[in-house]
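Engineer: Using the sequences and the hints given, assemble the complete structure.
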Amino acid sequence: KNEVEQSPQNLTAQEGEFITINCSYSVGISALHWLQQHPGGGIVSLFMLSSGKKKHGRLIATINIQEKHSSLHITASHPRDSAVYICAVPYSGGGADGLTFGKGTHLIIQP
Amino acid sequence: DTEVTQTPKHLVMGMTNKKSLKCEQHMGHRAMYWYKQKAKKPPELMFVYSYEKLSINESVPSRFSPECPNSSLLNLHLHALQPEDSALYLCASSHQGAGGYTFGSGTRLTVV
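Protein chains in written order, with the working numbering: chain D, 1 to 111; chain U, 1 to 112.
Simulated from the structure, these hints should not be mistaken for lab results.
The structure displayed is predicted, hence computed values, not measured ones.
Every residue gets a Cβ at the ideal spot worked out from N, C-alpha and C, and that includes glycine.
One thing to keep in mind: the hints can contain errors.
As the list claims (entries may be wrong) - Think about it this way: if two alpha-carbon atoms lie no more than 16 Å apart in a straight line, the pair counts; the simulated EDC-like pairs of lysine to aspartate or glutamate are:
#1 D/Lys1 to U/Glu44
#2 U/Lys38 to U/Asp85
#3 U/Lys41 to D/Asp97
#4 U/Lys22 to U/Glu52
#5 U/Lys40 to U/Asp85
#6 D/Lys103 to U/Glu3
#7 U/Lys19 to U/Asp85
#8 U/Lys41 to U/Glu3
#9 U/Lys38 to U/Glu84
#10 U/Lys41 to D/Glu5
#11 D/Lys68 to D/Glu3
#12 U/Lys53 to D/Glu15
#13 D/Lys103 to D/Glu5
#14 D/Lys1 to U/Glu58
#15 U/Lys36 to U/Asp85
#16 U/Lys53 to U/Glu67
#17 U/Lys22 to U/Glu3
#18 U/Lys19 to U/Glu67
Claimed, not checked - Which stretches of chain D does chain U cover? Using the computed rule of at least three CB atoms under 8 Å from a CB of chain U, they are:
#19 44-51
#20 97-111
Structural biologist: Quick look at the structure:
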């Protein structure tokens with residue numbers, strides 16, 4: 001089973017700041033997922049990436065397969081970005097085996 | 001339809017009750033999952049169904065019984081639960097072997 005470490009666990013920032021959340025994992029993977037969870041509980045998939053970089057609006061995700069490390073960046077942060085951001089990797093080996101989740105980063109953006 | 005629908009959204013049950021959680025998707029995904037999430041913890045994988053067959057059971061107690069009647073529907077039957085089973089139960093689906101995951105909004109279960 002893959003081990004996933006996320007940092008920081010909690011992050012409070014001012015509106016407009018550039019945010020970085022880091023994720024590292026122990027075993028080589030086919031793809032890594034970044035997810036967002038709001039207080040109501042529902043989880044939204046933000047990115048799935050296996051190499052390089054992806055961008056969607058103000059969100060950017062990067063991955064370094066050799067170093068087993070990924071980052072999620074938020075540019076021009078806004079209070080509506082406040083949520084828990086979770087990094088996840090395949091549970092075992094890849095395929096459709098489900099996901100192993102990091103502990104999440106609780107992000108608060110203050111106006 | 002690009003959603004995973006879970007019902008009910010909230011459930012309170014006694015320790016002697018029998019209840020079921022339901023999950024439905026119409027995206028043609030052939031893999032479906034149950035996760036359990038305790039407060040302030042990440043989700044933990046419980047069961048994986050692949051092409052309507054149980055492929056992963058993560059040592060879940062037998063008081064939780066999954067069922068996949070067809071490729072669009074996933075149930076979780078609950079019986080004789082304990083208060084420590086109170087949690088958010090999340091369902092998800094994905095294309096077999098590829099692609100991202102789609103999550104339902106969860107069922108918040110309280111066992112009294």
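Engineer: Evaluate each hint against the coordinates.
Structural biologist: Hints, one by one, checked against the model:
no., hint, in the structure
1, D/Lys1 to U/Glu44, "holds, 12 Å"
2, U/Lys38 to U/Asp85, "holds, 9 Å"
3, U/Lys41 to D/Asp97, "violated, 20 Å"
4, U/Lys22 to U/Glu52, "holds, 15 Å"
5, U/Lys40 to U/Asp85, "holds, 15 Å"
6, D/Lys103 to U/Glu3, "violated, 25 Å"
7, U/Lys19 to U/Asp85, "holds, 13 Å"
8, U/Lys41 to U/Glu3, "violated, 24 Å"
9, U/Lys38 to U/Glu84, "holds, 9 Å"
10, U/Lys41 to D/Glu5, "holds, 13 Å"
11, D/Lys68 to D/Glu3, "holds, 11 Å"
12, U/Lys53 to D/Glu15, "violated, 47 Å"
13, D/Lys103 to D/Glu5, "holds, 7 Å"
14, D/Lys1 to U/Glu58, "holds, 12 Å"
15, U/Lys36 to U/Asp85, "holds, 9 Å"
16, U/Lys53 to U/Glu67, "holds, 9 Å"
17, U/Lys22 to U/Glu3, "holds, 14 Å"
18, U/Lys19 to U/Glu67, "holds, 13 Å"
19, 44-51, "holds (count 3)"
20, 97-111, "holds (count 8)"
The structure does not agree with the numbered hints 3, 6, 8, 12 stated previously, though it agrees with the rest.
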